[in-house]
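Visitor: So you can see what is in the structure, the chains are spelled out below.
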Amino acid sequence: MDIFLDYLKVFAVGGLVCLIGQILINKTQMTSARILVLYMLVGVVLEVSGAFEYMKEFAGSGVTIPIMGFGSNLAKGALEGAKTNGFLGAVTGGLSSVAAGLTTVIVCGFVFGLIAKSRSKKI
Amino acid sequence: MLERKEYQDYVSQNAPRSPMTRTLIAAFIVGGLICCIGEGIGDIIKLIFKEMSDKDVAIWESCIMIFLGSLFTALGLYDKLGHYAGGGSIIPITGFANSVISPAMEYNREGVFYGICAKMFTVAGPIIVFGVVASFLVGFIGYFAM
Numbered sequence: 001m002d003i004f005l006d007y008l009k010v011f012a013v014g015g016l017v018c019l020i021g022q023i024l025i026n027k028t029q030m031t032s033a034r035i036l037v038l039y040m041l042v043g044v045v046l047e048v049s050g051a052f053e054y055m056k057e058f059a060g061s062g063v064t065i066p067i068m069g070f071g072s073n074l075a076k077g078a079l080e081g082a083k084t085n086g087f088l089g090a091v092t093g094g095l096s097s098v099a100a101g102l103t104t105v106i107v108c109g110f111v112f113g114l115i116a117k118s119r120s121k122k123i
Numbered sequence: 001m002l003e004r005k006e007y008q009d010y011v012s013q014n015a016p017r018s019p020m021t022r023t024l025i026a027a028f029i030v031g032g033l034i035c036c037i038g039e040g041i042g043d044i045i046k047l048i049f050k051e052m053s054d055k056d057v058a059i060w061e062s063c064i065m066i067f068l069g070s071l072f073t074a075l076g077l078y079d080k081l082g083h084y085a086g087g088g089s090i091i092p093i094t095g096f097a098n099s100v101i102s103p104a105m106e107y108n109r110e111g112v113f114y115g116i117c118a119k120m121f122t123v124a125g126p127i128i129v130f131g132v133v134a135s136f137l138v139g140f141i142g143y144f145a146m
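Those sequence lines, one after another, are chains A and B. Residue numbers 1 to 123, in my numbering, belong to the letters of the first sequence in order. Residue numbers 1 to 146, in my numbering, belong to the letters of the second sequence in order.
Rather than coming from a laboratory, the hints here were simulated on the basis of the structure. Remember, predicted model here, so these are calculated numbers, not experimental data. A virtual CB, placed ideally from N, CA and C, is assigned to each residue, including glycine. Be aware that one or more of the hints could be misleading.
Subject to a maximum C-alpha distance of 25 Å in a straight line, what follows is the list of computed DSS-like cross-link-like pairs (lysine-lysine) [said to hold, decoys possible]: (1) B/80 <-> A/117; (2) A/56 <-> B/46; (3) B/80 <-> B/119; (4) A/56 <-> B/50; (5) A/56 <-> A/83.
Covered by chain B, according to a simulated footprint, are these stretches of chain A (three or more residues, beta-carbon under 8 Å) [claimed, not checked]: (6) 82–92; (7) 106–115.
Given only the sequences and the hints, what does the whole structure look like? Please build it.
Guide: Put into structure tokens, the structure is as follows:
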């Protein structure tokens, strides 16, 4: 029962985050690139203000799977780097904390771009 | 000849408008489900590798979600989902993967260099640039504030 409640929280919070994005798309006709950038910057702001930790405690993947998690990781890495390694850490910390995700995206993009043909026209 | 104002009215009358309620419900359900799949993957990793730290679990989780998003994009399924779900499929990290793989597949007939490698970043480029600049500013200010 406990695990059911956890997943319900993840579902509700994750759904709500996407719902707000959909409202933005419907009302302002923003392109997906702008939506993604906006959400990532929101993640950075939430992480710096300290609110992201509480949200993560409450909803887990409901806030880390949306692109806000990417922004929060960048900001968190930069702050931790500044704390442990000084100025060099502040410069390297952000990218190194998202290096795994970025590498996966780029490798997958290259491999699938080579082997797959676009089917988006068939919708 | 139409006046500019008349033409704009004509366009706004005939532009396809996504029905508000249906798209909102679809975005909520699909977005929530994608987050639940991510949470499920994290829980499975925790069951298999019991001594792994929470941070590593989160990294593996997002890498697997990115891979799944790329795979479903390559199979052509993710774009169909996006057709119904809109924001529900754009905002999760799988949507970020989709925004990289989709143009890479689209432009692969233009060659590896200027097709796949360059066009891959048409949507992801701004995200990475804004993210890196923001993280640099945060680190820079954080360093001097400490």
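Visitor: Please go over all the hints and tell whether each is borne out by the structure.
Guide: Results of checking the hints against the structure:
1. B/80 <-> A/117: 15 Å, holds
2. A/56 <-> B/46: Status holds; Cα separation ~17 Å.
3. B/80 <-> B/119: Between residue 80 of chain B and residue 119 of chain B the Cα gap is close to 21 Å, so the pair holds against 25 Å.
4. A/56 <-> B/50: Holds: residue 56 of chain A and residue 50 of chain B sit about 21 Å apart, inside 25 Å.
5. A/56 <-> A/83: 22 Å, holds
6. 82–92: Check passed, 7 qualifying residues.
7. 106–115: Per the Cβ count (8), the hint holds.
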